[in-house]
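Number of protein chains: 2
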Amino acid sequence: MAEINLNKDILPVPGVKWSATYAGIKKNSITKDANSLDLALMEVSPGSNVASVFTKNIFSAAPVKVAQEKIDKFNYPCDCPIYLLINSGNANAGTGDEGIRDTHKCCQSLSDATNSNIDYVVPFSTGVIGEKLPVENIITSMPSLVDGLSSKNWEKASRAIMTTDTVSKAFSRSINIDDKKITITGICKGAGMIRPNMATMLSYVATDAEIDQSLLQELLNQAVNQSFNRITVDGDTSTNDACILVATGESKIKLSKSHPSFSFFYENLFELFSCLATSIIKDAEGATKFITISVEGGLDSEECLLVAYAVAESPLVKTAFFASDPNWGRILAAIGRSGVQGIDINSIEIILGGVPVFQNGKVSSLYNEEQVKNSMNSDDILLTINLKRGSTKEKIWTSDLSIDYIKINSDYRS
Amino acid sequence: MAEINLNKDILPVPGVKWSATYAGIKKNSITKDANSLDLALMEVSPGSNVASVFTKNIFSAAPVKVAQEKIDKFNYPCDCPIYLLINSGNANAGTGDEGIRDTHKCCQSLSDATNSNIDYVVPFSTGVIGEKLPVENIITSMPSLVDGLSSKNWEKASRAIMTTDTVSKAFSRSINIDDKKITITGICKGAGMIRPNMATMLSYVATDAEIDQSLLQELLNQAVNQSFNRITVDGDTSTNDACILVATGESKIKLSKSHPSFSFFYENLFELFSCLATSIIKDAEGATKFITISVEGGLDSEECLLVAYAVAESPLVKTAFFASDPNWGRILAAIGRSGVQGIDINSIEIILGGVPVFQNGKVSSLYNEEQVKNSMNSDDILLTINLKRGSTKEKIWTSDLSIDYIKINSDYRS
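Protein sequences appear in the order of chains R and D.
Residues in the first sequence are numbered consecutively from 83, following my numbering.
Residues in the second sequence are numbered consecutively from 83, following my numbering.
You may find that some hints are simply not true.
As a list, the in silico DSS-like pairs of lysine-lysine whose alpha-carbon atoms are at most 30 Å apart [stated by the list, open to error]:
no.	chain 1	residue 1	chain 2	residue 2
1	D	138	D	187
2	D	477	R	489
3	R	455	D	489
4	R	109	D	455
5	R	489	D	444
6	R	477	D	138
7	D	214	R	455
8	D	455	R	489
9	D	214	R	444
10	D	109	R	444
11	D	444	R	147
12	R	262	R	238
13	D	334	D	234
14	D	444	R	109
15	R	477	D	489
16	D	444	R	155
17	D	155	R	444
18	R	489	D	489
19	R	234	R	263
20	R	334	R	263
21	R	470	D	214
22	D	455	D	475
What the hints contain is simulated information worked out from the structure, not anything from laboratory work.
So that you can see chain R by itself, here it is in the shape it has in the complex (with noise of 0.2 Å):
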């Protein structure tokens, strides 16, 4: 698998810092890091807005719906410090009233080390679902996270929220304003049961640009739409996936839409949300290979996301990616059973790595095996499908299928 391309200087966002530590959530170390982290807290200063978008998985686990209610009983700009509390190793999820207290518990014994106001201690988790909170091994690792907090400890924390991840997973910006330098960071983590809907795997991101709060929430969910929601390892989606984009505005640079640089960076912002999304997909359990699946000529987006996430989540397509087979009928087949009506095989082309594979409803005349197989070789693989009656165009990243897979989902709990 291709290394991630990992910004190697991960820039602070003022406003904003980040402290880890081990709990001992993770009773078996799930990752390949011998110093398992799995406890992290994110300070956010006060003058700050937050916007959030979580699963709509209808049994999100308990911290999602304590998340989502203290955030939405927000006043922006915040007036006090906000603090998120993320453990990894435990997802709270399936786990009823018990859940629902023993994420209150956690942050009440946040807000007394910190002193701050209760309704802006903010929880999270990511782990094993069905499992009950070690509340006591969070409790008393309170002190020394809190003590931890550095506006440096951005890449300790990307570490401290894997779970089944290989890689930690964090990527920063540095761009120019009126002559001012602002920054976006963000981390995040996943590596299985991912296909975020209308959310994400656990992610946080962080400008020191002033973005007023609805616009914030308007580049989240623009941003989170074409790239957390793009992807898909499995189909399956999580009970705990969020993602929050704060704005410190500590930079005093204020942006809006009537800014002349506003676009410049919505255009930055995205990148580093493409960026984080796509890897939890170079990152995808067992994976060999990064597929990106185009899907052009279609009606409308919605048609072009069916066929792509049917091609992109059948497993025998997936198998076939894996073996660097160019067995097209499989792809043909899943785009046949997408539930997409109408689709003419005639028209419909499908380009693998370059070279035309189907065209006129039969094998391309440009068709030769060994080259599509060279290029199936490949860890980066382009997959395009023209649907051939409209002008709508929509891009999904996925992995393959491997041997991995299935052993490191037999073993993920043991």
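Could you slot chain D onto chain R? The hints should help.
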């Protein structure tokens, strides 16, 4: 995997003959049978009625298109013999106009060899998608194929239609109605690319009862809907699925809805369909477990099936079954993303191998991990999900996702 409980004595059906041969279509032996067969012929005597269902994959294969067109024009009862020509090893799908021409050529050759009406010569194919049908091989084999017709060849035919199947699938029932013996015998194939959609993998069932065509079609639709349309291996609907039910009438027992033994006949017919459908799951590619998912307490069939298939096709649930890991959190997450709105997490009940694992919004007080793990070690597992908001119940069958599934599907074409 549990050995498939084959009915050792596959009974001939008066009015039906089969023949099978090796035509060199399966270039590499993809079955475990050293004496690969790849071409089968079914002869149905004049006076019979035929019912059929075909794949709803909109990119249906050339033989599916031709077969549907021909069968739609049959006059009932047919006044001439019907010939069904079935090859394995090549699906003749994604082959454009040439594929249509090729399938007609094979029919013409069979019509010539049998001196029969070509309108009643019907083609079927199963195997690799997108490769040209080796017409010459088929035509060359025609004389010996026709010569071999015998009422005793059901089992041989069931071997000739196999692709990645590891066992052949044939079942018989003999029942007495009006003091006469009526036989129902059927064969099918299928192990991967299995999620029949209002149709099936290839299956051929015949009885010597006399049944009007419209009623026969009604019986077929009903039986298929509760058998082949309730199984999934990988969520992939094939381009070539087809199921044929023949009533030769040779027993001279006329069955209509008013016949006192009609329900008795249907029960036996349905039981045979269930045996055929579940035999596909028991032979699912790489499968080590046969899993029955029963969703109860739903408002309607649709929501029960949405939940059942979301769980059955979740790669995470499937790998947990492979590992005998009672990771019910994955089941919960799949229900939560199934698309069914308004399910109350506090009402639902998950019962695994007879042990309640999730109740009242959290892990059940009766849950015993060791006990559930033991029951998951069985190769035949019942998972019950009670939505507790209605009285509808649906049952589907599926398999686990194993390392061998990946191996088989990475190797299939090579």
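Results of checking the hints against the structure:
1. D/138 - D/187: Answer holds: residue 138 of chain D to residue 187 of chain D is near 25 Å, not above 30 Å.
2. D/477 - R/489: With a Cα-Cα distance of about 29 Å, the restraint between residue 477 of chain D and residue 489 of chain R holds, given a limit of 30 Å.
3. R/455 - D/489: Holds - the C-alpha atoms of residue 489 of chain D and residue 455 of chain R are around 18 Å apart, at most 30 Å.
4. R/109 - D/455: holds, 20 Å
5. R/489 - D/444: Roughly 28 Å between the alpha carbons, so the hint for residue 489 of chain R and residue 444 of chain D holds.
6. R/477 - D/138: holds, 26 Å
7. D/214 - R/455: Roughly 19 Å between the alpha carbons, so the hint for residue 214 of chain D and residue 455 of chain R holds.
8. D/455 - R/489: It holds: about 18 Å lies between the C-alpha atoms, which stays within 30 Å.
9. D/214 - R/444: This hinted pair holds, its Cα atoms lying about 10 Å apart.
10. D/109 - R/444: Given pair residue 109 of chain D, residue 444 of chain R holds - Cα atoms ~21 Å apart, limit 30 Å.
11. D/444 - R/147: holds, 15 Å
12. R/262 - R/238: holds, 27 Å
13. D/334 - D/234: holds, 21 Å
14. D/444 - R/109: holds, 21 Å
15. R/477 - D/489: With Cα atoms ~29 Å apart, residue 477 of chain R and residue 489 of chain D stay inside 30 Å; holds.
16. D/444 - R/155: holds, 28 Å
17. D/155 - R/444: Since the Cα atoms of residue 155 of chain D and residue 444 of chain R sit roughly 28 Å apart, the hinted pair holds (cutoff 30 Å).
18. R/489 - D/489: holds, 13 Å
19. R/234 - R/263: Holds. Residue 234 of chain R to residue 263 of chain R sits at ~17 Å (cutoff 30 Å).
20. R/334 - R/263: Holds, because 10 Å separates the two Cα atoms, which is no more than 30 Å.
21. R/470 - D/214: holds, 25 Å
22. D/455 - D/475: holds, 26 Å
Checked against the numbered hints given earlier, the structure satisfies every one of them.
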